[in-house]
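Please work from the sequences and hints to get the whole structure.
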Amino acid sequence: MSSPQQQFFFLGATGYIGSQFLESAKRDAALFAKLKEFTLVALVRDPESAKAKQLQEVWPGAVLVKGTLDDLSVIEEQARNSALTFNAANSDHEPSTKAIVAGLQKRSADHPNGPKPLYYQVYIHTSGLAILSDNSRGEEVPAERIVQHSDSTFKVEDFPPTKSSPRAISVYPGSVYGFGDGISPDATLFRVFDPLYIQTRVAGTWGPGYNALSVIRVKDVGVAFVKIFKLALEGKAKDDYFIADDKAEPLVMKRFTEVTAKILHAHDLLKDPEVKPYLEAVTNNFGDFGWGVFGGNWLAIPDRLKAEGWEPKETAKLPFWDSLPLEAEKFAATYKASRTE
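Note that the UniProt record's numbering has the sequence shown beginning at 1, numbered continuously upward.
By construction, these hints were calculated from the structure, which means they are not laboratory data. Remember, predicted model here, so these are calculated numbers, not experimental data. Quick reminder that beta carbons are idealized off the backbone N, C-alpha and C, glycines included. Misleading hints may appear alongside valid ones.
To be verified - 25 Å max Cα-Cα, derived DSS-like pairs, lysine-lysine:
id, residue 1, residue 2
1, 51, 26
2, 230, 36
3, 276, 254
Claimed, not checked - Restraint-style ranges between C-beta atoms, simulated for each label pair:
id, residue 1, residue 2, range
4, 57, 186, 18 to 28 Å
5, 111, 199, 44 to 54 Å
6, 199, 51, 22 to 32 Å
7, 60, 280, 50 to 60 Å
8, 262, 109, 52 to 62 Å
9, 200, 93, 19 to 29 Å
10, 271, 191, 19 to 29 Å
11, 199, 66, 26 to 36 Å
12, 29, 54, 16 to 26 Å
13, 333, 106, 44 to 54 Å
14, 46, 266, 29 to 39 Å
15, 191, 287, 19 to 29 Å
16, 33, 267, 40 to 50 Å
17, 200, 326, 20 to 30 Å
Pasting the structure below:
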């Protein structure tokens, strides 16, 4: 393995956003050349799995470290030995995030004379725009009262639930949609809601479902991370925040549920396609987190990325509401096929 200054520790490399980033990075000659100076070390559940083997094909020379987000000592050790750490796994898994920070703090102690080069200790963390939720409980809020936060003005400290977040480069995508180019091409959005509708037998919303969420196509997210990585490796993005979304027509939960429910019903996966607010028997399972993420408005403006020349071009080519039925149809077909195997 290369020296500690040249290790790139990647959590979520085979996931939806992580694997899309690798594909986007390969298309950017300058970033690809720079990243190849590092040894990519990926945390994977099973080094013998099909996805792990695909990762080594996508990124030859990648080193696979067996572990999950609960293997905190492994994560801390790898972060300590890494010049660059990228967490594109579960942003809500607090213990693994703390393990990364602990490793980086030890790395700082190991190098008391400061970073040489500048980017010897960079942590890029994938979060989400639900941090900005107004917790409207799914109720309709007049447009003039919905705040659209800008990453050039909002401060993460203004939102108490995130005060324990590390000081690093934090990236906040909106609701990510679209088929990706990576190892895991299907959106998390459908892997969360569609099974829930099927299992509960209800096409449900948190409250009436009038809350709106910013959207962004996964291919644009990949390009956004390319831009952020390049800024970080040039020493131009330290302890910073970036929003990655688009001012396109937002995802309104009630309409999203209506479209999805009709498709699941057509595939005989949902008996009743009528949309109804979930009862407490369901919402209580998710607690306040569920109301904040699934029942609040979260809209934002990516001023910083746009100032750097990033534009969500792929979102414009295939808007969310055009992609939705395609993705819901694929989920339904795949789900039915898995039930008959």
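### Message
Of all the hints numbered above, which does this structure not satisfy? Sort the numbers upward.
### Response
none
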